[in-house]
Amino acid sequence: MESAIAAGLQGLLLGVTNLTLGHGLMILVGSLLLYLGISKGYEPLLLVPIGFGAVLVNIPLAGLMGEEGILRFFYENGILTEVFPVLIFLGIGAMTDFQPLLENPKIILLGAAGQFGIFLTLLLALAVGFDKLDAVAVAIIGACDGPTAIYVSSKFAPHLLGAVSVAAYSYMSLVPLLQPPIMRLLTTEKEKKIVMGTVRQPVSKKTKILFPIVVTVVASILAPIGTPLIGTVMLGNLMRESGVVERLKQASENEITNIVTLLLGLTIGATMEADKFLRTQTLMVLALGLIAIGLDTVMGVLFGKLMCLLTGGKVNPLIGAAGISAFPMAARVAQVEGQKYNKKNYLLMHAMSANAGGQIGSIIAAAVMLSVLKGMGIVG
Amino acid sequence: MDIWSFGLTVALVGMGGTMLVLWCLSLIVLLLRKIFPYQPDQEAAKKG
Numbered sequence: 001m002e003s004a005i006a007a008g009l010q011g012l013l014l015g016v017t018n019l020t021l022g023h024g025l026m027i028l029v030g031s032l033l034l035y036l037g038i039s040k041g042y043e044p045l046l047l048v049p050i051g052f053g054a055v056l057v058n059i060p061l062a063g064l065m066g067e068e069g070i071l072r073f074f075y076e077n078g079i080l081t082e083v084f085p086v087l088i089f090l091g092i093g094a095m096t097d098f099q100p101l102l103e104n105p106k107i108i109l110l111g112a113a114g115q116f117g118i119f120l121t122l123l124l125a126l127a128v129g130f131d132k133l134d135a136v137a138v139a140i141i142g143a144c145d146g147p148t149a150i151y152v153s154s155k156f157a158p159h160l161l162g163a164v165s166v167a168a169y170s171y172m173s174l175v176p177l178l179q180p181p182i183m184r185l186l187t188t189e190k191e192k193k194i195v196m197g198t199v200r201q202p203v204s205k206k207t208k209i210l211f212p213i214v215v216t217v218v219a220s221i222l223a224p225i226g227t228p229l230i231g232t233v234m235l236g237n238l239m240r241e242s243g244v245v246e247r248l249k250q251a252s253e254n255e256i257t258n259i260v261t262l263l264l265g266l267t268i269g270a271t272m273e274a275d276k277f278l279r280t281q282t283l284m285v286l287a288l289g290l291i292a293i294g295l296d297t298v299m300g301v302l303f304g305k306l307m308c309l310l311t312g313g314k315v316n317p318l319i320g321a322a323g324i325s326a327f328p329m330a331a332r333v334a335q336v337e338g339q340k341y342n343k344k345n346y347l348l349m350h351a352m353s354a355n356a357g358g359q360i361g362s363i364i365a366a367a368v369m370l371s372v373l374k375g376m377g378i379v380g
Numbered sequence: 381m382d383i384w385s386f387g388l389t390v391a392l393v394g395m396g397g398t399m400l401v402l403w404c405l406s407l408i409v410l411l412l413r414k415i416f417p418y419q420p421d422q423e424a425a426k427k428g
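In order, the protein sequences belong to chains A and B. Here the first sequence is numbered in our numbering, starting from 1 and rising by one per residue. Here the second sequence is numbered in our numbering, starting from 381 and rising by one per residue.
Just so you know, not all the hints are guaranteed correct.
Covered stretches of chain A (chain B as the covering partner; in silico rule of three or more C-beta atoms under 8 angstroms from a C-beta of chain B) [to be verified]:
1) 20 to 27
2) 65 to 71
3) 99 to 111
4) 116 to 124
5) 152 to 163
6) 313 to 325
No wet-lab data here; the hints were simulated from the structure. The beta carbon of each residue, even a glycine, is placed where N, CA and C say it ideally should be.
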């Protein structure tokens, strides 16, 4: 009897005796993500489930990511199959209004320049020793677009998924802190004060409906491997603009997105097991992710300066920083910065155009990169 | 292929390709707007 009680008590202590320093550290990391999401409001929809997933998976002997673990099931069937990121894209498309972009299409080019950080970071990642596909996964943080980063890293470097996702979502929420110093540094006093006129050019409903269809066909033909990304975003947007499938649109932007966001976040958190996450490589991913977003801003502002030069001073280069996917945060940053130097300057609508361009740009950049990799025979 | 040839190829073709695709899209939007211009009366009728 005594030995049975001792064995029973021992069973209660198994969790404690198997708790390692790594587990403890990762529970703290998970708690930090929860703190950032709950107290600081940094991307709470993702950081709360990611943080909780990280806590859960580091409970010794819980086996949530074991062979028959429930989080392993979601990981294999939702992330490795790309179902979760693709469904999130559907919701993003249904929520996104491309009107500012359609009103001012030339500004879309800023959305391309704002992605150059991806490609420059790829070179940096290769320089510090990442192999080719790992470097691609790290570089994609520069898309400043969580679902795109998850899609690419789950496809090519699933072992980096946790670090890449945490970096992507954390830095996205830090855009208002990261961008302004770079914007100030790269622009002159005169450039910051440039007033851009009003561009309100109403767009017909036919144009709004045809836009997602044409973008899907053209972009998918040019970068076929990115079709799941482009196609689902544009399907979501078509449902929004057509106005005839209100229920599907509502479901995409609410129920589907909410359920998938929860499962996606939890499962990403579950990839943050101590033995896989506590590596120097993780710190390098976080550092390179920060550099990637900085380089996006640099390239966007520099391209803005080029447009300013080519248009005879009609474009305020500050809006170049909005050519990233963090919508509408980056546009607000450009507006706030512009008003610091000229109180009568309203850059918001122009910056929103650049920001919408950045949303499409991030997906196109990922699709182009995947197609280039396929063309080079690096991926199947 | 060594990593630098790989990196430079992906970077250059990637940046050029992204710019090219988005430039094509901007032209397409301009074209769509020309073919289907905004007509306040028709749009109001659709909404009404």
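Right, here's what the structure says about each hint:
Counting residues of the segment 20 to 27 of chain A whose beta carbon lies closer than 8 angstroms to any beta carbon of chain B gives 0, which falls below the threshold of three, so the coverage claim is violated. Counting residues of the segment 65 to 71 of chain A whose CB lies closer than 8 angstroms to any CB of chain B gives 0, so the stated coverage by that chain is violated, three being the minimum. Closer than 8 angstroms: that is the beta-carbon criterion, and the segment 99 to 111 of chain A has 7 residues meeting it against chain B, so the requirement of 3 holds. Under a criterion of three residues with beta carbons nearer than 8 angstroms to beta carbons of chain B, the stated coverage of the segment 116 to 124 of chain A is upheld, 6 such residues being counted.
Note: the segment 152 to 163 of chain A has 0 residues with beta-carbon separation from chain B under 8 angstroms; the three-residue rule is not met and the coverage is violated. Only residues whose beta carbon comes within less than 8 angstroms of a beta carbon in chain B count, and the segment 313 to 325 of chain A has 0; fewer than three means the coverage is violated.
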